Each structure stands twice: as structure tokens, then as C-alpha cells.
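**Student:** Chain A is already provided as a structure; the job is to place chain B on it using the hints.
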Amino acid sequence: MEEVSVWRDRLEQTALAPITKTSVWYFVWVAALLAIIGWGLYAYSVQLRDGLVETGMRDRISWGLYITTFVFFIGISHAGTLISAILRVSQAPWRTPITRMAEFITVVALMCGALFVIIDLGRPDRLLNVIIHGRWQSPIIWDVLAITTYLTASTAYLFLPMIPDLALLRDRLAGRVSRWRIWLYSLLSVRWKGSAEQKRSMGSAITVAMILIIPIAVSVHTVVSWIFAMTLRAPWNSTIFGAFFVAGALYSGVAALIILMAILRKVYHLEEYLKVKHFIYLGYLLATFALIMIYANISEFTVTGYKLEAGEEFHFRQLFLNEYAGFFWFYALAGLVLPPLLILMPWTRNIWGIVAASVLVVAAMYVERYYIVVTGLRVPLMPYDPSSYSPSWVEISVVAAGFALFALLITLFIKIFPIIAVWEVVEEHESEELSSAAPPLVTQSAPEPAGGGNL
Amino acid sequence: MKSLVGVGLAAVILATTVFVVGGSAEAAHVDLNVAPAGELTVGSPAETQVTLLTADGARPVAGAVLTLYREASFAGTTGEVEMGRAITDENGVAVLSYEPRAAGEHQMRVEYLPTDATEPEEATWSQSVAGTTHQLHQSTSGIQVPGLNVWILMAVLATVWTILLSVALRVIAIARDGREVDMPESVALEDVKGTA
Numbered sequence: 008m009e010e011v012s013v014w015r016d017r018l019e020q021t022a023l024a025p026i027t028k029t030s031v032w033y034f035v036w037v038a039a040l041l042a043i044i045g046w047g048l049y050a051y052s053v054q055l056r057d058g059l060v061e062t063g064m065r066d067r068i069s070w071g072l073y074i075t076t077f078v079f080f081i082g083i084s085h086a087g088t089l090i091s092a093i094l095r096v097s098q099a100p101w102r103t104p105i106t107r108m109a110e111f112i113t114v115v116a117l118m119c120g121a122l123f124v125i126i127d128l129g130r131p132d133r134l135l136n137v138i139i140h141g142r143w144q145s146p147i148i149w150d151v152l153a154i155t156t157y158l159t160a161s162t163a164y165l166f167l168p169m170i171p172d173l174a175l176l177r178d179r180l181a182g183r184v185s186r187w188r189i190w191l192y193s194l195l196s197v198r199w200k201g202s203a204e205q206k207r208s209m210g211s212a213i214t215v216a217m218i219l220i221i222p223i224a225v226s227v228h229t230v231v232s233w234i235f236a237m238t239l240r241a242p243w244n245s246t247i248f249g250a251f252f253v254a255g256a257l258y259s260g261v262a263a264l265i266i267l268m269a270i271l272r273k274v275y276h277l278e279e280y281l282k283v284k285h286f287i288y289l290g291y292l293l294a295t296f297a298l299i300m301i302y303a304n305i306s307e308f309t310v311t312g313y314k315l316e317a318g319e320e321f322h323f324r325q326l327f328l329n330e331y332a333g334f335f336w337f338y339a340l341a342g343l344v345l346p347p348l349l350i351l352m353p354w355t356r357n358i359w360g361i362v363a364a365s366v367l368v369v370a371a372m373y374v375e376r377y378y379i380v381v382t383g384l385r386v387p388l389m390p391y392d393p394s395s396y397s398p399s400w401v402e403i404s405v406v407a408a409g410f411a412l413f414a415l416l417i418t419l420f421i422k423i424f425p426i427i428a429v430w431e432v433v434e435e436h437e438s439e440e441l442s443s444a445a446p447p448l449v450t451q452s453a454p455e456p457a458g459g460g461n462l
Numbered sequence: 007m008k009s010l011v012g013v014g015l016a017a018v019i020l021a022t023t024v025f026v027v028g029g030s031a032e033a034a035h036v037d038l039n040v041a042p043a044g045e046l047t048v049g050s051p052a053e054t055q056v057t058l059l060t061a062d063g064a065r066p067v068a069g070a071v072l073t074l075y076r077e078a079s080f081a082g083t084t085g086e087v088e089m090g091r092a093i094t095d096e097n098g099v100a101v102l103s104y105e106p107r108a109a110g111e112h113q114m115r116v117e118y119l120p121t122d123a124t125e126p127e128e129a130t131w132s133q134s135v136a137g138t139t140h141q142l143h144q145s146t147s148g149i150q151v152p153g154l155n156v157w158i159l160m161a162v163l164a165t166v167w168t169i170l171l172s173v174a175l176r177v178i179a180i181a182r183d184g185r186e187v188d189m190p191e192s193v194a195l196e197d198v199k200g201t202a
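Protein chains in written order, with my numbering: chain A, 8 to 462; chain B, 7 to 202.
Next up, chain B with everything else stripped away, as it sits in the complex:
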């Protein structure tokens, strides 16, 4: 009995290893073979080639829609993000483009839903992405006028606050003059009346 359980367990482990390493999905109708791109770099587009064959591997499946997903987290939510779709050609080959935007290990999945099936055929693999995560999108809209930029705003702001500082210095001057003036404690209205 023990040996039977051991053999069964070994079979499961072996099957899982083959599935993960090979990156392919054996299904009742089709065979989904993935050729992942090599080492990816943040911001560099890469292509993943997927071949879709009939289950016996004899004939390519043309015109099938394949969808590429990636595991991702955003604003505290984790889930799959659709990265793109492609249609297989007459050789059953579809090329899915993917531009990684963050470094690290990316969990990828490609999915094919046959028309007469309820469960999709899928293949998963891990993709390593090198580089550093940074802002990739650079807006090209707008007109760049030389000299007209945020430095003007900073200069205006600095000028205003410098003037405000000069006002504060005048208040300090009032206090300093008050220390030097020897006058009675009681200040009559005639004295407090300013000439501002």
C-alpha cells in the first residue's frame, strides 16, 4: 500500500515538473506550446511565440485567439492583468508582444478558449525581467518653449517669499527701535498714531 502511494506521489510530482518546465499544456483538444522570450529588460519589448496544435500534434490550429496574462498587484489588489491578444496563423503560431514595466519575476499565463469548450486551455511560466523599475511613459504632447518652464514659477515664488521676508525684517526693526527708545510706559493715542 505504501509503495502504491509513493508511486502515485512520484507520478504527480513528475507530471507537475514536466508541465512547469516545459511550459506547455496538454489538453483533450489541443497542444499549447510556449516559447518564452529569453532574459527581458524593463522597457524593452519582447515577443512570446505560442504554437497551437491539435492534441495529437499532427495539425496546426489556425485562427485561434490567444490571450496573454500577467500576475500583478495594484493598489493592494492582486490578480491577472491582460497583456495582449494574438491570432494563430496557418502554422498555428501566434506572437504575443509584451513590454515589461517592472523588474523581477513575472508570472505569465497564455490562454486559449476553444469554441466548444467551457474550460480554457492554458500554459503558465515564469519570466525573469532585469533592470530597474522606472517611469516609462514620456509625454510628447505640448509645446516646448525655450525658457518657459517651472523655473519661472520657482523664481516668482522665491521673489514673493523674499519680499515677505523683507516685511518680517521691518517688523524686527520696529522691535529693535522700541528697545532703544526711552519713552514712558503709557502710550497715548497721539504716540501710537502712525503715518503709514
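Same shape as in the complex, but just chain A:
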């Protein structure tokens, strides 16, 4: 058996490598992202100068790509909550190498998502009206409160388990990185020395935060769905919109996490820690959520389609047969049917198959948010011809910049903070060592995935 100290040294080196080593490709990647963001800023300046007339949105279809992107980002922010909090609560030991990445996604996605609400306002100064003239009875206010609370709680939940790792960086990287970084690590590690008292305080804080963050996360996407469901539009008249949106958020969140894991595994050579089993377990979660989504869609469309109240017939025609049929059937087939098949069939149940399923899910869930937003507003409220919407170059550029910002923030986070929760991985490793040494009565390690799982 390999020496534990050698294993730990290798773990430290792997975890610290993204912080200490910078390749030319890193700068090329950052420059490319900055270029996209720069173009997006130019497009946004055009929108600020000329107004929302530069977008494809008009008085009838007044939400478009921006609100779609907002809902999408809030959705994938659920990755951190699910993986980290729920798996921590359920004491799933295999979660440890992936929790930090999931928590990064949560915080960064929330930041980017919130930006799109401000962009959609047209005039960002009008955000103050929410504070000055906001009413407690308005779902918009609930949304602002929920997202603000979730961002705060997620940041706390990202920070708390990182404290011991920040102390590790503070001590290991002294003299190897710039002084401001050491100052930052010293500040954020809050004088962590690993004393019993400190461990007790941190453990207690993590426990409180992980229990708190689950209902907050559920409330966030429920409230986001209420912004639609509480508006008088036929396609949004649904009592299951909250649960539907939460399930969709978790679905796209897990998919986004799998994609990020695959990229980081490849780029930073994390094969020893991000094993095939991690992808397969997350793949099972993805397949489970696919089934929940299929059920929710069938339930939703069957009930509303059976009654076919005013406006629903128009909606069903535009969604299933006419203008938006391409979007809907792509979502149904590529987003709901193919991913679970890729995951559940033994010959595609590997990293590539699961990543392919995740890419399909992320793309399909973006498309789903798009048609939910646009088709809902497209149903005529009076006997006039339906309006149409297609995003302008300004909207496409700003949205592209939003995704580039998301990638840039993740990149910068990885450059400054450890992508693997070192102390938690050490704990899990020791636990596995102990359980393999002990009689096979009790084991905490996760079972091997069914159906193989080798590349």
C-alpha cells in the first residue's frame, strides 16, 4: 500500500498546481474571454445609449434572451446546493473531491444571473426603484430578497469549508506567490490553526449553513417561477411551476457540474481524485432528475391540454406544431429522452457518455427557459395578431459576454482558491483506509457503480 504521506504530498501538489503554475494557454484563454466580454460591453453601451429598442423585445413580448439567461444561471447555481449541502447532509463520502467546484458554480452563477436582471431593465438606475417603491406583496421583491439571501448563504457556504485549505495555502505558498495573495490567504483563513475549538466552531458553522442553504435554494427557484406563474398569462397558469423549476434547476445544475468536472479533470490532471465513479454517481442523479422532468412535463401538458382553456390552444399549437415546435422537440428529445438513455445504457455509461448527456441537458434546459419565457408572452391577450420575437445582435453579444464572464470568474477562482477540498479528501481517504483495514462489518465508502464504469 502506498505511503499515506506520499499520497498527501501528491494531493497537495495537485491541489496547489493551478495556483502556482500558469501556462501560456491560461493567458490565451483569459484573453479570449476578455475579448468576448469587451464586445459584450460595447453591445451593452449601445443598449444604454439607444435604449431597449436595440433589443428584439417590444411591448407585447417584453422578456427575451436576458430573462432566459437569468433563469438559466439561477438554475445552474443549484449545483452547489445539491452536491455540497444535500450530499453532506446525507453523509455521502464520495462528494468530497467535487464539493468545491459545485460551490464555485453556485456563487459565480448567482453573480452572473443577477446581472441579467439589471441588464434587462434597460436603465440600470431603475434598480433603485425596487428599493424605493418596492412592495412586499410583489414577487419581484420576493425574488430580490431570495437571491440576495441565497448569494450570501452560498458565499458563506463556499467560504466555511475552505478555511482549513486557505490556511494550508497561507503556510505552503509563503514566498512562492505574490505578497497580496499571502495577505489574502492570511485574512481569509481567519487565523486557522486547527485547534479543537476552531474545529468545533467550523463544524458547527458548516452544519448550520448546510441545513439552512437547502430551503433557501429551493425558495429561490420557486420564487423565480412565481414571477411567471403569478402573471396573468395562459401558458404560465400552473400550480406545479415552483416544483417544476426547482427540478429543472437541479437537473441543469448537475449537468453543468459534470461538464466543469470533466474540463478541470482534463486540464489539471485530477484523474486520481475525480474518478469515473464520481461521474457515474452524478450521472445517476442526472437520470433521476430527467425522469422527474419527464413526469412534470407530462403532468403539466396533460392537465392543461385536457381542459384547453382560452389561450392554451394557441400555446399548444405554437409549441408542438408551429413556430416554436423546433425548440420544444429539441428540448423533449435531446434534453429529456437522450440523456437518461446515454447514462443508463451500459455501453455509454462512461465519462464521455455522461459528459455528452450533460451538454445536451444544459443546451436543452436553456432552450426550455427560452420558449417558456417567449411563448408565454406571445399568446395574444386580445384578438390581435400574435407578436414575434427574435434576439438582436446586442442581446446575443451581451449574453455571450455573460457566459464568458461566468467562465472567467470560474477561471479566476481556480487561480486563487484550491479547486479540491483538501482536508475533506484527506478525511475521506483516511476513512476508506480505516474501513479497508477493519473487518467488513461497516463501510462508509460508496459502492462501486453498477454496470462497470470504466473508460
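Just so you know, these hints were derived from the structure itself, not from any lab.
All values derive from a computational prediction rather than experimental measurement.
From the three backbone atoms N, C-alpha and C, an ideal C-beta is built for every residue, glycine too.
Certain hints may be false.
[Stated by the list, open to error] What follows is a list of derived Cβ distance ranges for each label pair: (1) A/R324 x B/G44: 35 to 45 Å; (2) B/H143 x A/A317: 19 to 29 Å; (3) B/T121 x A/R130: 43 to 53 Å; (4) A/L419 x B/G110: 55 to 65 Å; (5) B/H143 x A/G141: 37 to 47 Å; (6) B/G82 x A/G333: 36 to 46 Å; (7) A/R130 x B/G110: 27 to 37 Å; (8) A/G312 x B/S132: 38 to 48 Å; (9) A/P222 x B/E88: 45 to 55 Å; (10) A/P390 x B/G110: 35 to 45 Å.
[Said to hold, decoys possible] Just some of the chain B residues that point at chain A, by a computed CB distance under 10 Å: (11) R76; (12) S134; (13) A136; (14) A179; (15) E186.
[Said to hold, decoys possible] Some chain B residues flagged as far from chain A (calculated, every beta-carbon gap over 10 Å): (16) N39; (17) T60; (18) V99; (19) R115.
**Tutor:** For chain B alone, kept in the frame of chain A given last:
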């Protein structure tokens, strides 16, 4: 020549004064007489009576549609807002209802467009409205369940943020403990490993 101009000017001023003060419009076909409501109050409905007679004042005009307008500004745009319509009775009288929603001086206009005319007959006047501008519409929809209101939302929010504050206090406790513990600067992995 000077005296002629002076007389003409005086005639114009006199005619304008009569028109404004009297609130009536003399036209080729009809005579539009307005009896404005007295002092108005925000939120209190008032009625403006308009009498429509033939130009010679001998016969009332029945069945004519009169429209009441008010000068208003909204979202940076100023213009006339239609406040209501009424039809004259057999006495040529129409009563136009108006509920002012803002205090101040309101510029009003009543208009009648005869069927064979291209220009409307109209009368304008200024109406003083007392009181303070406030939200007049009170929604009566919905079900009021005692105890089920926004205070619950505030209570939930306050609870959540209090718990978050308790998390912050635990972080402060970690920092305080770190100051008290005397340990070597270098922290080994064994030391940083927590038991959370």
C-alpha cells in the same frame, strides 16, 4: 390709426375674457353652456352640467354626445385625457361625472362634434381641486386570512438572516481562538484537517 388698433385690441381682450369667465362657446350652430362644479376634492366625484342649445338659444339640442377632457401629464407626456361622455336629454342637458385624482388646477374642456361639421364646438374652463394626491384605488379582490400577511415573510427573512449572522459569529470565534492558540506557523495537513 392708433385708436383703431386700440379699439380692436380691446375688443379681442373683452371677447376672450367673456369666453373664459363665462365658460361657454358661441358657435355657428349651437350654444354650449357649462355649469362647472364648485370646489372639488380629490377622490370625491363631482358632476358638471352642460346645456346645449341652438345658436339662437331658442331650442335645446337633444341626443348630442358631449365629451369631457382634462389636461394631464403622464410619464413625461402632456396632453388631453378623455374623462367621460354623456348624451344630452330633451332639455339639451348632459351631466358629466368626474372624479379628480390629483390636487391643483385642472384645465377642463367639453367638446361637441355636430354631424354636419368638421370643427367641434367646445368650451374650456379651469377647475380647482382641493385635498392631497394619494392612492385612490383600493383592491377588494382576494381573501383576507387573519394572520396570513407579509409579516410572515418578514419574520421568515429575519430568522434566516439571524441564522446567517450566527454563522458569521462562529467565524469570528474561529479567528478569536486562532489568536489564543500558540502553535507553530507551519500547519501540517494533520492540523488543518477538520472534523466538520
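**Student:** Taking the hints in turn, state whether each one holds.
**Tutor:** Do the hints match the structure? See the list:
1. A hinted range of 35 to 45 Å for the beta carbons of A/R324 and B/G44 is inconsistent with their spacing of about 58 Å.
2. Between B/H143 and A/A317 the CB atoms are about 26 Å apart, so this pair conforms to the stated range of 19 to 29 Å.
3. Judged by the Cβ atoms, the range 43 to 53 Å given for B/T121 and A/R130 holds: they are separated by roughly 48 Å.
4. Roughly 56 Å separates the CB atoms of A/L419 and B/G110, a value that falls within the hinted 55 to 65 Å.
5. Checked against the hint of 37 to 47 Å, the C-beta distance between B/H143 and A/G141 comes to roughly 19 Å, which is inconsistent with it.
6. Remark: the range hint 36 to 46 Å for B/G82 to A/G333 is upheld by a beta-carbon distance near 41 Å.
7. The hinted window of 27 to 37 Å between A/R130 and B/G110 holds, with their beta carbons roughly 29 Å apart.
8. With their beta carbons about 59 Å apart, A/G312 and B/S132 fall outside the hinted range of 38 to 48 Å.
9. The hinted window of 45 to 55 Å between A/P222 and B/E88 holds, with their beta carbons roughly 51 Å apart.
10. Checking the proposed 35 to 45 Å range against A/P390 and B/G110 shows it holds: the Cβ atoms sit about 39 Å from each other.
11. About 25 Å separates the beta-carbon of B/R76 from the nearest beta-carbon of chain A, more than 10 Å, and the hint is not met.
12. Using the Cβ-Cβ criterion of 10 Å, the hint placing B/S134 at the interface with chain A is not satisfied: the shortest such distance is roughly 30 Å.
13. Interface hint status for B/A136: violated, as the beta-carbon distance to the closest one in chain A is roughly 26 Å, over 10 Å.
14. Interface hint status for B/A179: upheld, as the beta-carbon distance to the closest one in chain A is roughly 4 Å, under 10 Å.
15. With 10 Å as the threshold, the beta carbon of B/E186 comes within range of chain A, its nearest partner Cβ sitting at about 8 Å, so the hint holds.
16. No beta-carbon of chain A is positioned within 10 Å of the beta-carbon of B/N39; the least distance is around 40 Å.
17. Every CB of chain A is more than 10 Å from the CB of B/T60 (nearest about 42 Å), matching its label as outside the interface.
18. The Cβ of B/V99 lies farther than 10 Å from every Cβ of chain A, with a closest approach of about 36 Å, so its non-interface assignment holds.
19. With a closest Cβ-Cβ approach of about 29 Å to chain A, B/R115 is found to remain outside the 10 Å limit, as its non-interface label requires.
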